Amino acid sequence: MVVDSYRFLPRSFRPFYEGRGPYPGEESPVWAPFEKRLSASRIALLTSAGVYLKASQASFDVGGEQSNPEWGDPTWRSIPATARPDEMAVAHLHINDEDVLADPEIALPMRGLAELVKEGIVGGAVAHHVAVMGYQDRGLEDWRSTTAPEIVAHLRGQGADGLILAPA
Amino acid sequence: MPVLARWIEAAGIPTVVVTMMPAVADERRAPRVVGVEFPFGHAFGMPHDKAMQRRVLELALRVLAGAASFGTRVDLDVEWPLPLREAYRAWQPKVPSPIVRKLLEARAQAST
Chain X
37 MVVDSYRFLP RSFRPFYEGR GPYPGEESPV WAPFEKRLSA SRIALLTSAG
87 VYLKASQASF DVGGEQSNPE WGDPTWRSIP ATARPDEMAV AHLHINDEDV
137 LADPEIALPM RGLAELVKEG IVGGAVAHHV AVMGYQDRGL EDWRSTTAPE
187 IVAHLRGQGA DGLILAPA
Chain D
4 MPVLARWIEA AGIPTVVVTM MPAVADERRA PRVVGVEFPF GHAFGMPHDK
54 AMQRRVLELA LRVLAGAASF GTRVDLDVEW PLPLREAYRA WQPKVPSPIV
104 RKLLEARAQA ST
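Here the protein sequences line up with chains X and D, keeping their order.
In terms of the working numbering, the first sequence opens at residue 37 and continues consecutively.
In terms of the working numbering, the second sequence opens at residue 4 and continues consecutively.
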């Protein structure tokens, strides 16, 4: 079974995504082999659903995106694996956030991962997962120069052996 | 997101992208891809459906840890349980996003 990548996309948006090929300069294969057993590996999660902790973290800058639609906040948030759903908020202008707020696991399955760790299927989970705000194909320069290296440093600090990324 | 995965992978950390647009992740040359035919905002499935979320997560882990080479893509054979029309409407924001609004305005202007 092959997934229809455009099933839920308004038809008029399809040309913005389809047949665009690689991002300039990002044509060649990149590969980091996964060398350990999963049961001996520590896994990290990354969502682009704009999740943040409402009591202790700043929201992503949706105001900046309102005034400049071509721009998106390139910062990231460190989400503790122990954070409860009621501690989380969502800043994202491209999706209806009701379902993510009702159950953040649909974007950032921290509890699901913790269960697989408990069962011994996965060796461990990082203490702090990662959240960004998505839909930012334009203006990737900040991402390349700042956000990506910061996230890599965070993942290394957390001892992550692999990362599951999920766009919103 | 596929480009971010590439940069993280290039820094030595294996990645898998779980996405409702696997064809785009393929084109963008993500190293490992899991495709899900789910509405946007729902990469791991329905709210509170733990069994469905676990199926996605387990497939993502299997592809992350077990893919033999660059460009591996595996699609999940799970149908979204809600009627298409309803699901299509439900994921979209109540107010169009700024970039969509701008595109719609540009199109309206072009047609007048």
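If you're looking for bench data, these hints aren't it; they were derived computationally from the structure.
Hints are not guaranteed to be accurate.
Keeping only pairs whose Cα atoms sit at most 16 Å apart, straight-line, the calculated EDC-like set for lysine to aspartate or glutamate is [claimed, not checked]:
id, chain 1, residue 1, chain 2, residue 2
1, X, Lys-90, X, Glu-62
2, D, Lys-53, X, Glu-123
3, D, Lys-53, X, Glu-177
4, X, Lys-90, X, Glu-54
5, D, Lys-97, X, Asp-122
6, X, Lys-154, D, Glu-61
7, D, Lys-105, X, Glu-106
Partial list, computed: chain X residues near chain D (C-beta under 10 Å) [claimed, not checked]:
id, residue
8, Ala-94
9, Asp-97
10, Gln-102
11, Pro-203
So these bits of chain D aren't anywhere near chain X, every CB distance computed over 10 Å [stated by the list, open to error]:
id, residue
12, Gly-38
13, Gln-112
14, Ser-114
Quick caveat, the model's predicted, so the values are computed rather than measured.
We put the CB at the ideal spot given by N, CA and C, even for glycine.
These are the hints, each one checked on the structure:
1. In summary, the hint linking X/Lys-90 to X/Glu-62 is not supported, as the alpha carbons are separated by about 35 Å, beyond the 16 Å threshold.
2. The straight-line distance between the Cα atoms of D/Lys-53 and X/Glu-123 is roughly 20 Å, outside the 16 Å bound, and the hint therefore fails.
3. At most 16 Å may separate the alpha-carbon atoms for a hinted pair to count; D/Lys-53 and X/Glu-177 exceed this at roughly 37 Å.
4. Taken as a hint, the X/Lys-90 and X/Glu-54 pair is broken in the structure, with Cα atoms around 36 Å apart against an allowance of 16 Å.
5. Between D/Lys-97 and X/Asp-122, the direct Cα distance comes to roughly 22 Å. Violation of the 16 Å bound is thereby established for this hinted pair.
6. In summary, the hint linking X/Lys-154 to D/Glu-61 is supported, as the alpha carbons are separated by about 14 Å, within the 16 Å threshold.
7. Distance check on the hinted pair: D/Lys-105 and X/Glu-106 sit about 9 Å apart at the alpha-carbon level, within 16 Å; holds.
8. The interface hint given for X/Ala-94 is broken, as the beta carbon of that residue sits about 20 Å from the closest beta carbon of chain D, more than 10 Å.
9. A distance limit of 10 Å between C-beta atoms decides the matter here; for X/Asp-97 the minimum to chain D is near 12 Å, and the interface restraint is violated.
10. At a threshold of 10 Å, the smallest CB-CB gap from X/Gln-102 to chain D is about 5 Å, leaving the interface hint in force.
11. The interface hint given for X/Pro-203 holds, since its Cβ lies 4 Å from the closest Cβ of chain D, which is under the 10 Å cut-off.
12. Not every CB of chain X is more than 10 Å from the CB of D/Gly-38 (nearest about 4 Å), against its label as outside the interface.
13. Separation of D/Gln-112 from chain X is adequate, the least Cβ-Cβ distance of about 15 Å exceeding the 10 Å criterion.
14. Look at D/Ser-114: its CB is around 13 Å from the nearest CB on chain X, clear of 10 Å, so calling it non-interface holds up.
Checked against the numbered hints above, the structure violates hints 1, 2, 3, 4, 5, 8, 9 and 12; every other hint is satisfied.
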